[in-house]
Structure formats: structure tokens, C-alpha cells
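Engineer: Put the two chains together into one complex, using the hints given.
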Amino acid sequence: MATNQKATFWMIATLSVAMAPQLFRMPVPVVIMALLPLLWRIAAEIRGWKTLPALIRHGLTAIALLTLYFSHEQIGGRRAAVSLLTVMLTLKLIESYRIRDARLIVSFSLFLCATQFMFTQDILMPLYGAVTVILALVTLTHLHRNEAYIAFDKTPAISASLFSELGFSLRLLMLAIPIGLSFFLFFPRWATPLWGIPEATLDSKSGLSDSMSPGSIQNLFMDDSPAFRVKFQGIIPRSSELYWRGPVLWNFDGKTWHGNLFSVDLEPEPRPDESKAVWKYTVQLEPNERHWLFSLDYPATTPFNSRITSDFQILRRQPVTQLLQYSIASDPTFVDSPKLADNLKMAALDLPRGSNPKTRKLIERWKREGLDGPALVDRVLVYFNQEPFHYSLESPLLGSNSVDEFLFDTLTGYCEHYASAFTVMMRMADIPSRIVTGYQGGWYSGMGDYLLVRQSDAHAWSEVWFRDRGWIRVDPTAAVSPLRIARGSLGALSAPRHLFDYSWLRGLRNGVDIVQQRWNDWVIKFNAESQMRIFSSIGLEQMTPPMLVISLFVVIGLFSLLLLPFIFRVKGPSRKDPLRAVWLKFLKRLKAAGFEAIPSTGPSELAQAAARHLPQDSQAIYQVADLYSRSRYSATPPPLRELKEAIRKFHPRKKHRLR
Amino acid sequence: MNTATLTAKGNGINQRFNRWILERVRQRRGSPTLPFTLEYRHIYVMPTHFGLGFGILLALTAIGGLNFNNNMVLMFGFILAAIAQMTSLLAYRNLSGLMLLGIRASAVFAGQPARFTVLLKNPEERLRFAIQLVSGTSSDCADIKQQATGRWELELMTHRRGWIDMEPFQIENRYPLGLFRAWPVIIPQARCLVYPAPVSNPPPLPKTGRGDFGATRRGEGEHLHGLREYQPGDPLGRIAWRASARHQTLYSKTMESPHEEACELNWYLMGGRNTEEKLSILSAWILRAERLQIPYSLEMPAASLPAELGEEHRNACLEILALFKP
Numbered sequence: 007m008a009t010n011q012k013a014t015f016w017m018i019a020t021l022s023v024a025m026a027p028q029l030f031r032m033p034v035p036v037v038i039m040a041l042l043p044l045l046w047r048i049a050a051e052i053r054g055w056k057t058l059p060a061l062i063r064h065g066l067t068a069i070a071l072l073t074l075y076f077s078h079e080q081i082g083g084r085r086a087a088v089s090l091l092t093v094m095l096t097l098k099l100i101e102s103y104r105i106r107d108a109r110l111i112v113s114f115s116l117f118l119c120a121t122q123f124m125f126t127q128d129i130l131m132p133l134y135g136a137v138t139v140i141l142a143l144v145t146l147t148h149l150h151r152n153e154a155y156i157a158f159d160k161t162p163a164i165s166a167s168l169f170s171e172l173g174f175s176l177r178l179l180m181l182a183i184p185i186g187l188s189f190f191l192f193f194p195r196w197a198t199p200l201w202g203i204p205e206a207t208l209d210s211k212s213g214l215s216d217s218m219s220p221g222s223i224q225n226l227f228m229d230d231s232p233a234f235r236v237k238f239q240g241i242i243p244r245s246s247e248l249y250w251r252g253p254v255l256w257n258f259d260g261k262t263w264h265g266n267l268f269s270v271d272l273e274p275e276p277r278p279d280e281s282k283a284v285w286k287y288t289v290q291l292e293p294n295e296r297h298w299l300f301s302l303d304y305p306a307t308t309p310f311n312s313r314i315t316s317d318f319q320i321l322r323r324q325p326v327t328q329l330l331q332y333s334i335a336s337d338p339t340f341v342d343s344p345k346l347a348d349n350l351k352m353a354a355l356d357l358p359r360g361s362n363p364k365t366r367k368l369i370e371r372w373k374r375e376g377l378d379g380p381a382l383v384d385r386v387l388v389y390f391n392q393e394p395f396h397y398s399l400e401s402p403l404l405g406s407n408s409v410d411e412f413l414f415d416t417l418t419g420y421c422e423h424y425a426s427a428f429t430v431m432m433r434m435a436d437i438p439s440r441i442v443t444g445y446q447g448g449w450y451s452g453m454g455d456y457l458l459v460r461q462s463d464a465h466a467w468s469e470v471w472f473r474d475r476g477w478i479r480v481d482p483t484a485a486v487s488p489l490r491i492a493r494g495s496l497g498a499l500s501a502p503r504h505l506f507d508y509s510w511l512r513g514l515r516n517g518v519d520i521v522q523q524r525w526n527d528w529v530i531k532f533n534a535e536s537q538m539r540i541f542s543s544i545g546l547e548q549m550t551p552p553m554l555v556i557s558l559f560v561v562i563g564l565f566s567l568l569l570l571p572f573i574f575r576v577k578g579p580s581r582k583d584p585l586r587a588v589w590l591k592f593l594k595r596l597k598a599a600g601f602e603a604i605p606s607t608g609p610s611e612l613a614q615a616a617a618r619h620l621p622q623d624s625q626a627i628y629q630v631a632d633l634y635s636r637s638r639y640s641a642t643p644p645p646l647r648e649l650k651e652a653i654r655k656f657h658p659r660k661k662h663r664l665r
Numbered sequence: 584m585n586t587a588t589l590t591a592k593g594n595g596i597n598q599r600f601n602r603w604i605l606e607r608v609r610q611r612r613g614s615p616t617l618p619f620t621l622e623y624r625h626i627y628v629m630p631t632h633f634g635l636g637f638g639i640l641l642a643l644t645a646i647g648g649l650n651f652n653n654n655m656v657l658m659f660g661f662i663l664a665a666i667a668q669m670t671s672l673l674a675y676r677n678l679s680g681l682m683l684l685g686i687r688a689s690a691v692f693a694g695q696p697a698r699f700t701v702l703l704k705n706p707e708e709r710l711r712f713a714i715q716l717v718s719g720t721s722s723d724c725a726d727i728k729q730q731a732t733g734r735w736e737l738e739l740m741t742h743r744r745g746w747i748d749m750e751p752f753q754i755e756n757r758y759p760l761g762l763f764r765a766w767p768v769i770i771p772q773a774r775c776l777v778y779p780a781p782v783s784n785p786p787p788l789p790k791t792g793r794g795d796f797g798a799t800r801r802g803e804g805e806h807l808h809g810l811r812e813y814q815p816g817d818p819l820g821r822i823a824w825r826a827s828a829r830h831q832t833l834y835s836k837t838m839e840s841p842h843e844e845a846c847e848l849n850w851y852l853m854g855g856r857n858t859e860e861k862l863s864i865l866s867a868w869i870l871r872a873e874r875l876q877i878p879y880s881l882e883m884p885a886a887s888l889p890a891e892l893g894e895e896h897r898n899a900c901l902e903i904l905a906l907f908k909p
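Chains as they are written, first to last, in this note's numbering: chain A, 7 to 665; chain B, 584 to 909.
Looking at chain B on its own, in the form it has when it is part of the complex (with noise of 0.2 Å):
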């Protein structure tokens, strides 16, 4: 099976007429605007290797049957060759009036491959075979059922941070028989975020920032929380002795501090290392950071950002990390 052919590289005939039908879809028609329907003039046709030996060996059989006069020989060749051609329809009818409703990927670190999924709805009454979404690394494959959507999932590997864009896919199928491979060529545009990959051992985290930021922390501290009812263990020191008295049941006191640490994750503040490195530390950083709840600001040369927790701040930061400019 020669799937992943589209942007193969390599001067075999396949290569080169894939390439050259990008080629002209490319100048043609460009990227789709979503939803895009597939219709005739998008859907190449073509007999795949078995339906090319499939054609030699029916040619054969015609001409034995020819050569003989044998009409049983001959109407049997001609019937097969027909239900052959019938196919190629076929498979042209599988994907004739899909609908591309949208492609959409979440942001990956570098090293990870970025994820494009793609839904593809069947507005009609009939059931589709086997689509398959053939990217030059990647592919998939899913039925659908009548009316409904399809997701298929294609992946490309990143190396960079940065934007990604998403590769020309072509939505092929061979429904029924295998004799025909039927195609739209896609060029999408669809694009992956992808932050700097973390460093496997960064530095130890700055706590370098001033106290006032983030949550208050439960338990430990010199500041008087609240009361609850003693639990055993509770040291003897914490137990509130005058309101036990009055409830006559044993309270102890909670305790907090007022503020946790905060770190500063601060690019002036990291030497004189390469960019992609200092970048690549900061990543890691912060997913430290979110890892142990400890709340980190940004200071970055075109942006910055307060001190704060959770994904939506994480994100944030990753992504001045991912478009920075140097």
C-alpha cells in the first residue's frame, strides 16, 4: 500500500504526478474556504497497481477469447471489465458531496507531533466506506454513517517552535474493490502552535519573586486562620484552650501564611545563554511551576505577565514563549 505519497519525495512516476496534481491544485484553486463541499471537479480518478494488473490480466482473457472466438470467454471479460469501470465510479460517489466542515489542532510542544483533526460531515442519505486521509506522514481511515460527522486525525511531526502549518492532505478512498483510487487534493489552512520544547533538566526555579503574589497557604504559618474541632494528633500547642472551655468540645487553631512564594521567570534575568536554550528552560519552568502550584509571572522583552496559576496563564506564557522574536 503506497499511502503516504502525496509529498513523497523521489522521482518515481507516482512521486512526480503527485506532485505535479499539488501542483495544480495549487495554482487552480488554492485553499478551500470552510465548509467545502467536494464535487466532481475536485475528485481525481485513478486505477491503483491491482487495478492496473487487475486491466492486464482482463485484456488477456479478451484477447484469448477473441482470438478463439469464445463467447463465453469474451462475455465473461467484457462483464468483469465493466463491473471494474462501475467501480471507478464508485469510488468517485464515496466522496463526491462530503462536506470539509473544519481542521482543527492543539498546541504541542516541540519534538511531539502536532495533531490536525478533521471533520468531515455526509449530508446524505447513504453510507461512506473507508475514507482515508492521506497526508505525506500521516494518515487515517473512517466510515461514516448517514448524515453524520467524521473526525480523522492526521499528524506531523514538529521540530521547530513556532507556527506549523498543516501539509496538503488528499481525502482518498478506494471503495469498492481496490481497482481505483479516487482523490480531492486538500491544501489546507490549518496551522499548529507549537511552544519550545522544555529542557529535561532545567535549573531550579527562581523563587525569586516578591510575596505578595498568589494564593494564601492553608495550615502552616503564624497567622491565626480559624477554628475546627480537634482531630487526634492535632499538637498541643495549637489547641484553642479558652473556646474549648467555653464549648466544652476541643478546638484547635488553623494556621496560615499569608502568601506563598512566587517565582519570577525573568529572560533578563538568565545570563548570556542562547536564545532557543533560554527559551527552552523557560518552558520547562513553567510546567514546573504549574506542577507544584506555584504561581510565576513572565518577563519577556516585548511582553510580560503577572504572576498567576492554571492553564489558561499557562498557555499565555507558553505562547510568548513560542512567537518569540528575538
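So here's chain A without its partners, still in its complex pose (with noise of 0.2 Å):
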């Protein structure tokens, strides 16, 4: 039973490509451990090696569950999850000889590729799904002669090549697209999930998080993954206006900013007129395993399954796990909080005890100097431009006055360490002031119309508050350097952030966004409503799933019928022996003249036969079979088209009965 070297290969090789992008989002100690097995195993076929003993193996596996469990932060995980089948499986490679095991192994890793599309449903799956199905059919064909001639010592004879085995395997994936399709199409949806994820596996959040530390926002900066794409309706706001707001902070413990419990609980109040919002917009973010959706300020109208908290982070009810797409209108106008609560205003003005002395006498002096309030902002603002502050991915690591150490110090930093220390200096001030993080800017694809935000966006700003002006946005950024607003994150810095960061490969890449951007819109977002749409649209408003079900089978009825004649042709010899095709037109013209020919005779003696029975022709008949014999026979046989010619002219005359 066991599977021979080509078929272990080709296994290896399936399961090597399945796992691929898992190998990517795994620690890299698992890494190790889920490569480890596979490579004993490459080795062993080649070099002919034995099977490990039990023990060894049992070790193994025990040493990868312990690894596995210890670099999960999160193990009961969808990511650990997935790592664990991957581990798993290539662990599985070391015991694998026969042909049940490499079945077992090949279907699980078709499995382990349906999984990855849990995480990303990016416009290069498709192609990474294709590579690992034509690679696990090839294997499969080979167990499947494996397995055909494993009881018998004897060769097939036929062996196919590289090229007809792909060749096949592509053929057979081609012709069952349009089948998938119609099904993906047809099947029956169902609106609302059975079960949802249970929001303790979600282990691969990425973007924003709910607190900023510095370096946080600076790790995402070297993300350039979509973080959502933005369709205006009507006006579009201009690049220094697209503050998309995230969470919102006002806890600060020297080193760490974090969300406000209170704020979050209470719903906002005056709420922006939605007959006043003027932007118009349809968001559609990708998945991120959290709850924030994103918006400009402020937003008038609240999406489905979410609400809106006081300082205006619009939070979902459950954390978005696939592309989600929301629309939303916005109110720039509109004032936030007039009059601001006692305990908000409290926490807006918090800080820790004792910590920053240097920005705390820097502020009272300016205090003493008679600033306050409004001017007070400006004088800061003016601070960080005329200093000399470095808007900088090479900010070093801060201490526990990191707001002192970054005024007076290192003079160098990201957006955060601005918004930080603006902030803290605020409150050292009285002004009430609170942290919002988000994205600012995004690239606008002309051809797609629509506006790309990047991970690499992530921005953090401050907001101060004023009786009766209510919250105000200022962005410390901008004053030490604008060009972060007005040319977008990357536009900001002279150095690129790695080897491949080039301007033209970050605009091939804004421009690529738009194959992805349509993909999403077609393919990743078709759910139940779509199938409706599609529907009605050809006038069948109201489908019940027995409907779907049966145009379902119509559509694949219509295709196959397509497909019949190709599935049930019976190849004739004609086809690919021309000498064949014209003997066949000889014959053909003696049974019109009255001789039936017996199939089992050959050549000469059937033109013995049909002579004696058409003894007028019985020249031209010579003449054609020995033109056939020799074309068939010789050596060096005469061209076709003597014996075409011969054929051609042949017309024999119907023998006259006698009456």
C-alpha cells in the first residue's frame, strides 16, 4: 500500500503550497517545528532513510504541541487554530507511506487552503487556491495509479508527462469553474449566520487598537495594507479634512494612553442633524477582528449593528471578521459637546502625579506670560514648528517623563509623541483634551473613484474643548510638519522606510488597488441581499431556496448540455489517419456501385474481389489499391495526394443486372 517516490513528492509539494501563507502569520518557533518534519521528509525520500522510531515521533509531536502552545498568545485562536492543523499535518509527513495517509494529507491540505481564506480574501487567493487544487489533483491521479497497480508488478503502459498531468489537472479545474460559479451564484444564502465566531478565537486583529504607547501607531506605519476604501457620494472633502476618526483616549498613565469606560457607555448628546450632513459616504473596511468603524467628524447617521458613544467612535457589535460595508453620512459643522460633563471634564485633565516637571514649568511660564485658552494652543503649536522638531520614524524609546524627555531631549518623533505630548501639556494648562486616533488623508484612485486608506495612514490627533465651542480638532503634526497632511504619511518622510520603497512602486500599487477594489466589490461581498438583487433585476422578486435550488440545476443542465457532445465523442480513426479517411471514401464508393466489401480483407485481395465483380473498373481499382498498400507499406511510400487523385477519379459504373 505504499506510495511510490513521484506521488510522495507531489503530496509534499501540495502540502508545501498549502501551508505557504500560513508559514507567514505564524511565530516563527512554529514555523520551525511545522518545517522541521517536512524537510526530514524530502531528505528521507531522497536519501532513502528509515522511519523514525515511535518514540522519536511521539517526541515530536509532543515538542510541537508545547512549542505551539507557547508562542500562541491566544490559543484557543482561529490563527493557533490553523497552525495547529498545519503542524499537524506536516507532522503527519513523517508517517505517511501509504496511499490512505497521502489522501488523508492532500484532502486536509485542500482544507488547510480553505482556511486561509478565513483571514484574507486578497486578489491573489484565487491564484493561490488554483496552484494548491492543480498540485493536489495531480497527486491524487498519481495515488490513484498507485494504488491501480500497487498488487502487480508490472509498468503501465502508458505514462503520462509532466506537462499532459498539469495540462489534465487544469482542464479538469477549468471546465468545473463555471459549475462553481453557477453554484456561488444560485446556491441558497443564508442571511443571518447560524453561529457566529466566538470573538475569544479572533487572535489576528490588526490596525488601530484601543490604547497608544509610543511606537504603536509608528508599527503601522510600515503596514501598507488597505485599512478600508472610501466611495463619496456628492461632495468629496479635501485631503486636510480627512481625519477618519478611530478610538478616542483620555486615560493617560505617564507611558500609555488609553479609552475612557464612561464616554463609551453614553450616547452623544446634541447629535449631528443628518439633514445637515453633507458628506455622503460608503465605507467599506476590511477585516480587522475589531469593533471601530471608521468615520469623518461627525457622524450623523449610526450603520446597522453599531452605535455611537459620546466622543464619537462608532463601535459594531461584533468585531468585524470579513469586509464589511456601511454607509454613513458626516456633519463637519456640527459643534461636539457644548457643555461638557463634570467627570469628563475631570478625566479630560487627569495626569499622573509629579511626572514631566520641564513642560510643567515651560507651561506656567507661559501661563505667567498671561497665555491662556485659545492662544495658549497657538503658543504650543508655534513651539513645535520653530524648534527644531524632526517629524521621524527614528524616534528612540521614551522613559517614564517620555513627555519631557521628547520636548527637551530626543526633539524627534511620529505623530504620537506629538499628539502625546500636546495633549499632556494642554492638561497641564486646564484645558480639557483627549487623544483620537484614526486615519488621516488616503489616495484617491481617479479611474476607480474611490479613496484608498492604507494601514500606513494611521494617524493620532488631539482635541481640545472650550465652553460652548465644544471639542476642537488640533493636530500637533501639522504644525511641525504639514507636509504629513497635505501629502499624506509617506509624502512626509526623506528616507524610505525599506529597500523596496520607491514613489513609482507605492503608486503601482495605489493603482493595482483598483483589480482588488472591484474584486471586493463583486466576489467577497456577494452575500444573500446581492443574490436578491440579481434577481429582481431580472424580475424574480421573491426566490425561496427550492426556486434557487432548481435554476440552480437549470443553469448547470445548460452548461453540461454544452459540454455533452465533447464528454460522450467517440474519437474515429479517421480523425488522425488520412490515408485511413480516403481508403474509407474508396470503400464507400464501391458499396455504390454494388460491392460490399468483407472488413477483414486486405488490399490486394478485396481489389481481386471487386475486380471479378467490376471488371470495367477493374484497372482503376488495381491501380488504388496498390497506391494504398504502397502508401501504407512501403518504405518510401508515394505522396497522399497520388491516391487522393486516383480516388477522386474513380467513379465506378453500377454493374447492370441481368433480367
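One or more of the hints may lead you astray.
Estimated spans, in silico, between C-beta atoms of each pair [said to hold, decoys possible]: (1) A:A197 <-> B:I639: 24 to 32 Å; (2) A:E602 <-> B:Y623: 27 to 35 Å; (3) B:A899 <-> A:L646: 52 to 60 Å.
Source of the hints: derived by calculation from the structure; they are not laboratory data. Ideal Cβ placement from N, Cα and C applies to all residues, glycine included.
Structural biologist: Dropping the structure here:
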């Protein structure tokens, strides 16, 4: 029952490709534990090593499980579960010598491939899926032949080439795609899931988090993956107005900013008026496994299944685990909280005791100079602008008096440093203030008519509160580096972020994003609702699931009808043998003349019989038979057209029956 | 792999299913007349164990995709399902149109396996992969190229002399992925002659035959056969002195004995042993006589053959023994 070496290598290839995306998402020790058995099996196959003793195999399994347990932060998570599947599959490799095992590995490789789509449905994923399927098909074909011939000591008569194997699998895949598509379109969808993804299993959170410490946004800056895409209806805001509001942070412990539990529980009062909301847009949010939805200031409508907090965060009930689209309207002229509750005001002024003494002295000096309120805000911004501050990614880590160190020592920082320092300074001056994190700007695709916001557009800014004027946005980064706001996060840097960071490459990537956007629009977003829309557009309003299934079978039936002639085609010999074709024509002429050839006779025998039957044409008959024998059997055959010519001229006269 | 399942005993679902199909074919169609072309109505298609497992995995994938409305997972599952479904058609197509040309088997001795050679022809211009012939106890596998004829050998263990009928067999294949098994059931009208098993230590050959049968034997004997040139080692007494003197070279006489003894294998002279034992002894004697090149005659209650040698005579004798009815 053992698999042969070729099938084994195909099996290994299938598993390797299937697990490739997962490798990039696993912690390094787990990657090593996954690769070790794989490499061992390849080496064992090449060198002819024996199977490992059971003790070592079980030991390896135990070590792998422990590694998995200790390197995944969240052991109950989806990511950890897929890591477990991956590691178990590669471990299975070291003891898979039977056809059954190989089939198991191939089937579960396909399953592993499917699980990868839970994490990303990127435009390149179909390609990955197709390659995995083709490899799996080739492996299964090999295993089938293996199984068929296993008991017999003979080599199969037909040995398929690599090219034909791949071609066969590709053809199979191509034929399956239309059927798969009809299923996709017509298969009854569930409008509401039977069960949701438990939040405890979400372990691949990306994007902004619910806290901010120096460096957290900086990490996002390296991430070029899309955060969301926005389509505006009507007015498109200017670049400097594109502040995408996310988590709002109130509480500062000297190093890290956190959200305020109290503000999150309150409803906003008053709320923006929907009729005044001039910015109307639709956001397509990439899954980040978090609760925040992003909007421009200030959201006047509430997307489905979510709520707006008093500090205008939009929180969705379930975390976003797949592409989510929501429509929203914003009113930029709205005044946020002209009156502030006392407890919130306290929270917006709270600072750790005795920290950052130098900064406090600076603020006190300005206050003694008579600066207060908006004038002090301006003074701080001027300070940022005129002192030699650098907007840079390479900012040193800061200690316990982080604002002092930043303002008087390093003077180098990223938006979060500025926002943090500014907010602390405001609080020292008794101006209520808080930090808002989110995204700023985006890349506008003229072709696709949408705005693309990447993770690298993550930003942090401040809001200060004045009586009656409410919360006002102040972006200290803009004071230091106006380019950051005008050109976006990447335009403000003088040095590239990494080796392949060129502006033309970024432009190319932005341009290519339109394909991804279309893919999201047409494929990823498709759901029960879009299914209904398709049918109502052709006049079928109420499609019940049975009707859907019937139409599914009708479509597949129609497609199969198209294919039927190819499937049941009987390939006759004449298609490939031109000589036989003309010979058959000759026999047909003879038959028309009343001579029926016996199938078993050869050409010369036939010619004799025919000549006896049709004596008037005997000469022509002998000529054709001779030409045919020579064309067929001679070492130097005459050209085919001679025979064709002879047969073309051959018109036997029908034998007259004697009456 | 559960190949030898067709007539397998037991009460598992598989065995019962196979028996049911066999019974159905027996009642509806009986034995095919040759040449027999496999058509759609002869071919059954069912998923294999692997196919069922694969199906369950696909169903799980699809349920996951539906529940989380993950379109790529769904699409992936649907396409795989479509591929799997198509392979059932390919498995069918790999068989349809095949022609069963004939089955033959040469006679064997009881205790040896009867070997039935099945000839299948692929009349079409396409390859057919890994076609397995499976009977209750044996199987064989081969590919057939375009317009070629392939041969498969199915063995059947023999225990008793006489005719043995070939078991029903199926022409099975799991092309191309092993997810589906397509198979027609054939109830062949083929049989194999089984000779009585020769006993291993037979009594000595009864050399009681009259001497005028069989070929002459050269070299020894009393009668002159001819002359040949002298070769060193020829006994002096054999030299033909008179002829040698005439031709100036030495000649030796070669002698012959007129007729070899023959043995008479006679049923009635074998005493009171039991029938099968006697047949086995006769079978062994025939083989020995052939080996020693001693002509032998056979005398049985229903038939008798004069003494002779050779393949044809041997087979004729053995056939009489095989089909002997006391």
C-alpha cells in the first residue's frame, strides 16, 4: 500500500504550497516545528532513510504541541487552530507511507487552503487556491494509479508526462469553474449565520488598537495593507479634512493612553443633524477583528448593528471579521459637546502626579506671560513649529517622563509623540483635552472613483475643549510637518521605509488596488442580499431556496448540454489517419457500385474480389489498391495526393443486373 | 483497497450491495454475448470510501463558508465539488465503449489456479487508464492505448477435476482521482478444464504394453539399421570390416531395436482403489510416460485411446480423465 516516490513528492509539494501563507502568520518557533518534519521527509525520500522510531515521532509531536502552546498568545484563537492543523499535517508527513495517509494529507491540504480564505480574501488568493488545487489533483491522479497497480508487478502501458498531468488538472479545474460559479450565484445563502465566530477565537487583530503607547502607530506605518476604501456620493472633502475618527483616548498613565469606559457608555448629546450632513459616503472596511468603524467628523447616521458613543466612536456589536460595507453621512460643522459633564472634564484633565516637571515649568511660564485658552494652544503649536523638531520614524524609546524627554531631549518623533506631548501640555494648562486615533488622508483613485486608506495612514491627533465651542481638533503634527497632512504619511518622510520603498512602486501598488477593489465589490461582498438583487433585476422578486436550487440545476444542465458532445464524443480513427479516410471513401464508392467489402480482407485481396465484381473498372481498382498498399506499407511511400487523385477520379459504373 | 469484493461473503453493507447488484445483473441481463460493448446501462458508478470522506470534508467547508458568508471558501468548496462530480463522469467514460472480445483459459491440474485471460479492446482514439478486472479472489490491472487490445488475467483456485466456471467479475476503475468507482458486472460464460491432480508418488509405470507400438529406438538392439563413419569409442565388434575394406575408411554398424515397449494404462487393471485416487494415479502416469517418452495407451470404461505420444495425445487422455463419470 505504499506510495511511490513521485506521488510522495507531489504530496509534499501540495502540502507545502497549501501551508505557505500560513507560514507567514505563525510565530517563528512554530514555523520551525512545521518545516522540520517536512524537510526530514524530503531528505528521507531522497536518501532512502528509514522511518523514525515511534518514540521519536511521538516526542516530536509533543514538542510541537508545546511550542505551539507557548508561542501563540491566544491558544484558543482561530490562528492558533490553523497553526495546529498545519503542524499536525507536516508531522503526519513523517509517518505517511500509505496511500490512505497520502490522500488524507492531500484532502486536508485543500482544507487548510480553504481556512486561509478566512484570514484574507486578497485578489491573489484565488491564484493560490488554483495552484493548490492543481497540485492536489496531480497528486491524487498519481495516488490513483499507484493504488490500481500496487498489487501487480508491472509498469503501466501509458506513462503520462508532467505536461499532460498538469494539463489534465488544469482542464478539470477550468471545466469546474463555470459549475462552481453557478453554485456560487444560485446556491441559497443564509441571511443570518447559524453561529458567529466567538470573539475569543479572534487572534489576528490588525490596525489600530484601543490604546496608544509610543511606537504603536509607528508599527502600523510599515504596513501597506489597505485599511478601508471609501466612495463619496457628491462632495469629496479636501485632503486636509480627511480625518478618519477611530478610538478616542482619555486616560494617560505616563506612558500609554487608554480609552475612557464612561464616555463609551454614553450616548452623544446633542447629535449631528442628518439633514446637515454634507459628506455622504460608503466605507468598505477590511476585516481587522476589532469593533471600530471609521468615519469623518461627525457621524450623523449610525451604521447597522452598531452604536455611536459620546466621543463619537462608532462601535460595532460584533468585531469585523470580514469585509464590511457601511454607508454613513458626516456633518463637519457640528459642535461636539458645548457643555461637558464634570466627570468627563475631570478625565480630560487628569495627569499622573509629578511627572514631566520641565514641561510643567514651561507651561507655567507661558501662563505667567498671560497666555490662556486658544492663545496658549497657538503658542504650543508655534513652539512645535519653531523649535528644531523632526518628524521621523526613528525615534528613541522614551522613559517615565516621556514628554520631558521628547520636548527637551530627543525632539524627534512621530505623530503619536506630538499628539501625546500636546495633550499633556494642554492638561497642564487646565484645558480639557484628549487624543483621537484613526487615519488621516488616503489615496484617491481617479479611475476607481474611490479613496484608498492604508494602515500606513494611521494617525493620532488631539482635541481640546472650550466652553460653548465644544471639542476642537488640533493636529500638532501638522505644525511640525505640514507635508504630513498635505501629502499623506509617506510624503512627509525623507528616507524610504524599507528596501523596496519607492514612490513609483507605491504608485503602482495604489493603481493595482483598483483590481482588489473590484474583486471586493463583486465577489467578496456577495451575500444573500446581492443574490436577491440579481433576481429582482431580471424580474424575479421572491426567490425561495427551492426555486434557487431549481434554477441552479437548470443553469448547470444548460452548461452540461454544451459540454455533452465533448464528453460523449467517440473519437473515430479517421480523425488522425488521413490515409484511412481516403480509403474509406474508396470503399464507399465501391459500395455504391454494388460491391460490399468484407472487413477482414486486405487491399490486394479486396481489389481482386472487387475487380471480379466490377470487371469494367478493374484497372482503376488495382491502381488504387496498389497505391494504398504502397502508401501504407512501403518504405518510400508515394505522396498522399496521388492516392487522393486516383480515388477522386474513381467512379465505378454500377453493374447492370441481368434481367 | 477493497478490491476483491464482488462475491465476497459477509454481511457488511459493501458485500450486501455487491451481491444485490450481481443478482440484479444475473436476472436482467445474464451472460453477455461476445463481442460485448460496455454501454451506459451496464456501468454503475458509486463513490469510494475516499470519495465519501472527501465529500464530508467538502460539505464542512461549504457549511463554514455559508455560515460566515465567506465567498472564497464557498467558491473553493463549490469548485472542488464540481471537480469531484466530474470525475464520476470520467470514471464512467474510461469504461464506456470498451469491448469484451473473449475469455479463454488453458486446462490446469486440480490444485493449480485456473488462469482466465480476458481480452478487452479499446476501439476509440483515446487512452484508457488503469482498468482493473476484479473477481472474488483475484484482480489484474492494465492500461489500454488507442485502438489497442489488452489482456487481463484472472485466477481462480481449482480443487476438483472437471469443468470450472469462471466467476462473475467486474471491470472496475477509479480513474482519475480515486473518488468514484465505476464498474460493470460481467457474468461470463467461460470455463476451464481441470485435470485430476497427479499423485506425487505414483506406482511404477505398468510397462505391459505390446511391443509393436511406438517408435523404434536407435543405438541398441539386434537389427542392423545402417552404417556410419567410425568414431573413436565405437566397440570393435561393431566395425563393419567388409564395408570398410571396400571404401578404405572405417565404418561402424548402427543397430536398432525394432519397437520400444509401451505402457498400457488400463482402468480395469488398477485394482480396487477409490475412483479419484485411480484417476490421480493415471494422471501422474501420463505425465511420467510423456517425460520418459514412452508411448502409452489409455483404456477407460467409456473410452479408449491407442498408444501414442505427444501434446495432443496427452491432452486427450487427460480430458477423458477429467470428465470421467463413474
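Engineer: Now tell me if each hint is right for this structure.
Structural biologist: Hint check:
1. A:A197 <-> B:I639: 24 to 32 Å: This hint holds: roughly 26 Å between Cβ atoms.
2. A:E602 <-> B:Y623: 27 to 35 Å: At 31 Å between Cβs, range holds.
3. B:A899 <-> A:L646: 52 to 60 Å: Once the Cβ atoms are compared, 54 Å apart, the range 52 to 60 Å for L646 (chain A) and A899 (chain B) holds.
Of the numbered hints stated above, none is contradicted by the structure.
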